[in-house]
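Asks: Everything in the sequence shown is counted per the numbering used here, starting at 870 for the first residue and increasing by one.
These are calculated hints, taken from the structure and not from any lab test.
Predicted model only: the values in this text are computed from it and were never measured.
Among the hints, erroneous ones may be present.
As the list claims (entries may be wrong) - Computed spacing ranges between beta-carbons, pair by pair:
hint, residue 1, residue 2, range
1, Leu928, Leu902, 37 to 45 Å
2, Met907, Val883, 46 to 54 Å
3, Val905, Val931, 36 to 44 Å
We put the CB at the ideal spot given by N, CA and C, even for glycine.
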Amino acid sequence: MTLSNWWACWWLLVLVVVLVLVVVLVLVVVLVLVVVLMLVLMLMLMLVLVLVLVLVLVLVLVLNCSSEPSR
870 MTLSNWWACW WLLVLVVVLV LVVVLVLVVV LVLVVVLMLV LMLMLMLVLV LVLVLVLVLV
930 LVLNCSSEPS R
């Protein structure tokens, strides 16, 4: 095994390690983005549900208040 072959193998090893690291980093970033998106969507759904509940409560209260004087 000559010195040039050793250098070629070393560069190949470094290239493979760098590629693996890049792939792992990309996967981690994608996973983090997906998790953040899921959390944001869940928060939006919770907000919408809370708003709907508040609207329903307000409507019920208004209907009750408006029907009271007529009784």
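Asks: Indicate, hint by hint, whether the structure satisfies it.
Replies: Okay, the hints, checked on the actual structure:
{"no.": "1", "hint": "Leu928 with Leu902: 37 to 45 Å", "verdict": "39 Å, holds"}
{"no.": "2", "hint": "Met907 with Val883: 46 to 54 Å", "verdict": "36 Å, violated"}
{"no.": "3", "hint": "Val905 with Val931: 36 to 44 Å", "verdict": "39 Å, holds"}
Hint 2 alone, counting from the list given before, is not met by this structure.
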